[in-house]
Every structure is written in structure tokens, then in C-alpha cells.
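Same order as they appear, the protein sequences are chains A, B and C.
According to the numbering used here, the first sequence holds residues 80 to 416 in order.
According to the numbering used here, the second sequence holds residues 81 to 424 in order.
According to the numbering used here, the third sequence holds residues 1256 to 1536 in order.
Worth flagging that the hints you see were computed from the coordinates, not collected in a lab.
Certain hints may be false.
Taking lysine-lysine pairs in the DSS-like style, the calculated list, with each CA pair at most 27 Å apart, reads [as the list claims (entries may be wrong)]:
1. K349/B <-> K394/B
2. K423/B <-> K349/B
3. K312/A <-> K394/B
4. K423/B <-> K312/A
5. K167/B <-> K312/A
6. K140/A <-> K165/A
Here the structure is a predicted model, which is why all the values come from computation and not from measurement.
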Amino acid sequence: MSHYIFRRLVAMPFLVLGIVTMAFFLTTVTKGDPLTALVSEQQLNNPEVVAAARQRWGLDKSLPERYVTYVSNLLHGDMGTSFVTKRPVLTDIAARLPATLELVIAAMLVGTTSGIVLGLLAAYYRDSAVDQIARVFALLGSSLPVFWIGLALLFLLSVHFQILPGPGRIDPRMTPPPPITGLMTVDTLLAGDIDGFRSAVSHLVLPSLVLGWAVAGTISRLVRANMLDVMAKEFILTARAKGAGELRVVFRHAFRNILVPVLTLISYSFAYLITGAVLTEAVFTWPGMGSYAVQAARSLDFPAIIGVTIVGGMMFLVTNLLTDIAYVIANPRVRLT
Amino acid sequence: MMQFSSPASHPPLLRVRDLRVGFRKHGQVLEAVRGIDLDIARGEVLGIVGESGSGKSIGMLAALGLAPPNAVVSGSVQYLGEELLTKPRREMRRIRGAKIAMIFQDPLSSLNPTMRVGDQIIEALRLHQPQMNARQATQRALELLELVSIPQPDRRLRQFPHEFSGGMRQRVMIAMAVANGPDLLIADEPTTALDVTVQSQIMRMLRELQAKLGLGLVLITHDLGVLAGHANRVAVVYSGQVVEQADVFDLFQNPRHPYTRGLIASIPKLTESGGRLYSIAGSPPALGRFPPGCAFHPRCERAGDICQQLAPPKTTIGGSGHVSACHFANALPEWDSAEARVKE
Amino acid sequence: MIATARLYLRKPFAGTLASPMLLFGVAVILFWIVVTLFADHIAPYEPFEMVARRLQPPSWQHWFGTDALGRDVLSRTLHGARHSLPIALVVVIFSVVLGSAAGAIAGYRDGLVGSAIMRLVDVTLSFPPMLLAMAVAASLGPGLGNAALAMIAVWWPVYARLMRAQVLEVREREHVEAAIAGGAGNARILLKHILPLCWTPILISATMDLGQVILLAASLSFIGLGATPPTPEWGSMISDGAAFFYNWWIAFGPGLAIVSVVLGFNFIGDGVRDYFDPRSR
């Protein structure tokens, strides 16, 4: 087992270098001129200003030179400076990462718990109305564009029925708590601000529901298929013959046996969540990495685009690694190999 | 209804009457078990023999409330006089594994691969003896593994099923089954999936335990040969019905149903080398496609017109509870048990 | 390749045709294909012209209302199919061809080229697809064509991985070994003996991906990296609608269109998967 994890860890730096390289070069096959992001329109015709800007931002160097500079800077924790905010990209990302994490974690919780519960019900009451409803719910989840259902639910629940608050992370009339962890829900609690906490949670409900829906759908399908498989196994009959109750049979005997595929899917759904978070953040004006990426992409802010892409890729890599390790622990049969 | 009497010295442990199990499929109900009557006494070994798909396993599962959800079960199953089929699920759980235990064909798949063997035994114990603490349960699990002759039980307890051989796994299943001191053990093809050499070890162990603990034992098998050495009484099942039931000695000496005769003739004999092994012509009918009259008639050499029209009544033969459901039960030619064929 | 697929597919579906969901999916997709082909005739108004007062709520004249420029939302939605469906098809076809070629080479020859291809696949698949597509689309500049290029760049490795696994498996079969022993050339073995047996799973997964590609294309347009105004592309129409949040109907029509097309493909995909993986039934 430790050998396997070791091998995975050794491969990590190479994958990271691959990610950095690809992010760098894919964004430099550009037709769009980043100068438009740097120089105001009137001054684009002024060769002196343009040349100065090129030099200032290193755009006068050749591509390989820029790549080497970028990688060596990255090793020192420098992702360059955003063309737009004029702040270090890493600082920008660090400031926005907690908001995205809070959203993604909430969506993951919503998605996995409801997906697992729904999948278990669908498998247990196979071919019943419950099963059909779960199926349609799942298919809807992977068919709905989050940016549209987000808008629709915002309009319905926030504007029309006024059950839930509008976009943002906290009531704009409140003073946000001092950022300690960057997670609004945690920070409000740390500040002892119960009203703020309530507001933060209620602002999280809609975006995490929208984002978690698709995850819930795919997880419920996987749980259902695997549960049907496991519930037909003889050891389930053994458990029932022992006198075990249905809850015990389902959770202790059957569900435990499908943990590996479920864990894998949850880790894969993380990639989806990042994708979906970009759009969800755009709709809910959530000040996270996603809306930062959108803003960067719209204004050809290449240091920011590369930075966000690299960070996204690394988050994906790390979750996959953690999953594989969790896997080995969850499944005793893998342990021997 | 015809009743099978059991010796008065043994009050019936399990009493099955007109048990029927059907499966709902596409709006209709296909019957797999069509009115089975059985009695099992304390300390008795009852063999149930039949081809796969004859309904022998599903009948016993249904009796314990373990039939699949699309099954329709009717009739009566009494355990020490208590009706089981109408019992609430919670009360059934207190009987399963405590009073009536079961082991299955494939020990590879009948143990949970993600749970340590010890934990599975301990689960069986604590489900029915919740007052037991962790240490007592572990201690008892250890004793149980010793009881089924598993070497190094303390190490084995901490292992997972995939670290056990097939025979060892079946021993674990047996240990788990007898953990709570049941009255009745139902073994469904307990040795079919095992190597020949291991088969006899497991059968011997089952019989020893049965005798030692005074269990009623139901041995479900497709192999009549296995029952010859181990059962007290045998019920022959065909197409969801008991076609013949008798004391094991009677059954082999004087089989009174053509199907039983076919089964006996197909047992390989050690004394005879060469020669072709007998097998019954044709194949058993599929679920829901039972022929009218006697279900066996399309494969029966003796079948007459009546067999195609009328279901045979149960005919009593002699005084020891020997019953055959054949129109010609008494008219069949004499049987040469030494040669395992009809006397000429 | 189509012929092989048909051989594989014809018989199985006799049984699953009964599934109402599969039928529904097929019906929805057929509807949208007809709309794509005949949008000019079906749409009640011109998609680019101001045909009524701005921001009219739905009425009998304008079922889905009018947008901020007084254009008919229904007509624009129907015309939107002419962008979304062909884009999805182009992206999936190019990704399948590119990915399959790369995967076949990587599967057939384990050497340097093969492992270089697979490392590229690994790295590409290490990115969350949306982020990578955004980065590429941003650097290529706006426009649906560039968005399609970006999506192909993100999507081809999926098929490369699938194809490689297929080729690796088929390569070991006896008829291939016989062909090698018979002295057939590499190209011939790959094209004649291996590839014809590899298409089925790829075609299935491509069908199921069509819906996801439509979603991705609309997402890119929504954040301003795909279609440019005044193109009636569904994602950018929803983006317009977001700007006029209180006039909910502007986003409603195109949203419904996306949901129905993607749902249609997903229903078909679900039915197909049910057949090939009977466990999940």
C-alpha cells in the first residue's frame, strides 16, 4: 500500500509541471492581444506607451523565455501580476479561494447526501414510483444549465416568493465579519455574529442546491446500480438470515461494499463542481475563483487565467490522490496488492 | 389433506403445510412452490432433494420470510406451533439466526467481503444477545471457531473472508449459524461449491454438530447420494411439489415414484466401472410452464393418459410415513435396490 | 463504421423500444432536428429584427415575449438550434476522430509516440474541463468557431483514452494474432482487423456526450466566450436575459430549449446504457 502511494506521490511533480506547461502554452496561442487589457483604447496608437507596456509586462520577450521566467517565478510562489487588478495573481486567488471552497463544500454535502439517500431509496424500492422520480430528478440534474436554473430559482424564490435572499454571500446591509478562515459561515460564528451566520447560511442555500443537483443526480444513479448489484449477493441473504434488520443490512452490509465506486465518483464530481462553480458564481455574484476566472477570461488577463487554471488543475489532482488513498483504506482487498 | 406423521417421540420443530410461493411477473403470478408439506423433528436430519429450479431452496427461504419482495407466499409454516408466515417482520428477525439458522451454497459470496470474519460472527451473536459486551462476544466467537476446528482462531478472527479457503469459509458460516444455539439449521447445498475432499469433511462436521447440539437439520441438495449417508428422512421435490417422502432406508429400498427411481439410478456407483451413467430423459419444466396433470409425465416412462389429465393424489405406502404422489405408486414394478433398477 | 454499429445496435433495441423515456428522448431530438433544418419556415418572426415593443411579456402574438431590442424570443430560440446542434455535432465528431486516431496509435504501439500521446491525455484530463475550455477560448478570442476549437481541445482526450483501452483489448484477440502471423502490415491490421471492433463503446459515449457538449457551448457563450451578439445562441440569450433579470421570459425560452435538448440526449443515453449495462436497469 505505501509503495503505491509513494509511486503516486513521485508522479505528482511531473503532472504538476505538465499542468503548468499546458496552461501556459494553451493560453499563448492567442489571437486576442493582451495589450487591450493593459493600455487604454486611445493610447493603443501611441507606440511609446505600447512599447513601455510590453516591456513592463514582459511581452517583448520570446515565448520560451517567458515560459522559463514563468516557471522559475512559480517555484518562488509568484504567479505574476494580474493585468486588471494590478495585484499578484496568487494574492487575488488566495483572497477568493475560500469563497469558492465554501460553495463547493456546501454543494458537495448537499449533492452527496441527497444523491446517496435517493440512490438507496431508488434501489430499495426498485421500479416503484420513488425509483422513477429519482431517475427523472437525476436526469434533470445533468441536463439543467446551472446558469439558467440559478437565474430561474433566484427569480422565483428570492424575488417572487421572497423565501431566500438574493445573490452574494451575506446580507449587504450587514458588516461582514473579520476574515479569519475566509469561510463566511465559520467567520460569522467565530465573530459570535448569529444573525450574520444565519444570513450567510441562507445565502449559501440556493447556489449550493443548484450546484449540488447534478452531483446528486449522477451519484444517485451510481448508488442505485451498485446497490442493486450488491443486494443480490448471497452475503445479504446471510445477513438477513442472521436476523439483521433492514437498516443494518442496507447500511452495514450493502452500502459498505459500494463505498469504493461512490468515493471515486465523488472525487470526479469535484471537477464538475469546479466547472459548475464558475457559472454558479457568475449567476450569484459570488466573489470566488470562478467569477475571477470569468472576469479574467473576458478581459484577456492572461496571468490570471493561467493562474486560475493551474490552481484548478492542482486541486483536481490533489483530490484524486486523496481519493485513491481513501480507496485503499476502504477496500481491504486492495490492501494486499 | 394428507398428513405425514412423524414418530411420536419427536414433536415437530417445523411444520410446513401447503406452502406456495409465486413470483409476480408482468402482471401474472408464476408459482415456483406449489403446495409443499413437511415436518422436521428435533434432532432429525431431513433431506430435500431436487433439480435446480425445482423450488426446494426458495421454499425454505420463504418459510423464513426471506423470499424476494416480488414473491407471493401462502400456506402455513409453524415453528413449535407458532405461525411464521403471518409474524411481523420484527418478530421474525428474533427467530432468524437465533432459533432457526441458515447456511448457503457458496461460502465465497455468503460472507461479507468488507467485514472481518470475527466482526461477522460477533454481529450474529450481539444481534440476539445484546447484553453481551465486546470482550465476551470476542471470546465466544473464538470458541465458535474452535468448535468448527479452525486453527489459530485468534488470528483468523481478525482476517477478511478472502484470506480463507472455501472449506474454511464454510466452517465460518457454520460457526455463525450455530452461534446462538438454534434448534433448527437449514443448509442449502452446503458442499456443492467445495472441492470433493473438503465436501466430506464439511458434511461430517455438520453431522457431528447436529448430533452434539441436538439440532434439527434440513439438508437441501441436488445430490441424492449425499443424503444416503446423512439424512434420516428424504423429501423428493419436483416442479415445486413433494413427489415422494420416506425414511431414507425405505426410499432407497423401495422407491415408489418414477422420478425418485430415476434419481437413484443416476447416482454414480463405485462398484461399477465403465458403463454409461443413467440420466433422466428431458429437462425439468421452466417456471410457470408446468404441464397439466402430473408435472413429471412428459419425462416419465410409465406415464399413461390419466397422468396428463389428473394431478396424482398422495398415496401412503406401508406404515412408516412413506408417501408417493404417483398414479401408479402401488402398481410400479418391484425395485432391485442392489442393482438400482427395476427387477426383470 | 456505421455499418458495424448498426449490426450491433439493431437487434438489442427491439426489446428496449418499450421504454417510454427512450422514446421521449428520440422524439425530442427529432423535433429539434426538424427545427434546425426548417427554422426559417417554423419561426413566426425574423430572429434579428425588431418586431414589436421591447420587453413585452409572453402573449398570443409572442409566446415567449420580446427581448430588450424588441425581438421575438420564440423565433430567436428556434433559430438558436441552428447554432447549438451543429456545434455540438462538429465538436463531438472532431473529438471522436482526433481522439480515436490518437488512442488507436497509442494502443497499437506502446513506444515513445504512444506514451507521449497518453501523457498529453493525462495532463489534459487533469483540468476541470470548463476552466481549460475557458482559458483556450479566451486566448483564441470570441466567436462560436473558436469556442468549438476550445471544446475539441478539452474533449478529444476522453475518446483517446477509451479507444486506447479498446485497441489494447482487441489487439490480443486471436484473429489479430493470426493476421500478424500472416504478415499483414501494421496499417492494415489496425484499420481492417482492430478498429472495426472498437467503435461501439465510442459511438455510445459520443451520443451521450452530445448533450454535455451543448451545455458546455452554452456555458461558454453565457460568460461571453462563445457566440457574439446578435447571434441567437441559447447561452448568450440567457446572458442577455440575466441583464434584464426582472423580465424573466427573455431567459426562459432559450433555457427551456437547452434543457429539452440535453434531457433528450440524456434520456437516449440512459436507455442505451440500460441496454449495455443491464445491471442498472
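Problem set entry | Hint consistency between K140/A and K165/A [alpha-carbon to alpha-carbon, up to 27 Å] | 20 Å, holds
Exercise. Between K423/B and K312/A, does the CA-CA distance stay at or below 27 Å?
Worked result: Between K423/B and K312/A the Cα gap is close to 47 Å, so the pair fails against 27 Å, i.e. violated.
For this session: Measure nothing beyond the straight line between the CA atoms of K423/B and K349/B; if it is 27 Å or shorter, mark the hint as holding.
Result: 18 Å, holds
Problem set entry | 27 Å Cα cutoff - pair K349/B, K394/B | Given pair K349/B, K394/B is violated - Cα atoms ~31 Å apart, limit 27 Å.
Exercise. Given the proposed pairing of K312/A with K394/B, does the C-alpha separation stay at or below 27 Å?
Worked result: Given pair K312/A, K394/B is violated - Cα atoms ~38 Å apart, limit 27 Å.
For this session: Could you grab the alpha-carbon distance between K167/B and K312/A and see if it respects the 27 Å cut-off?
Result: Holds, at roughly 25 Å.
Consistency note: the structure conflicts with the earlier hints numbered 1, 3, 4.
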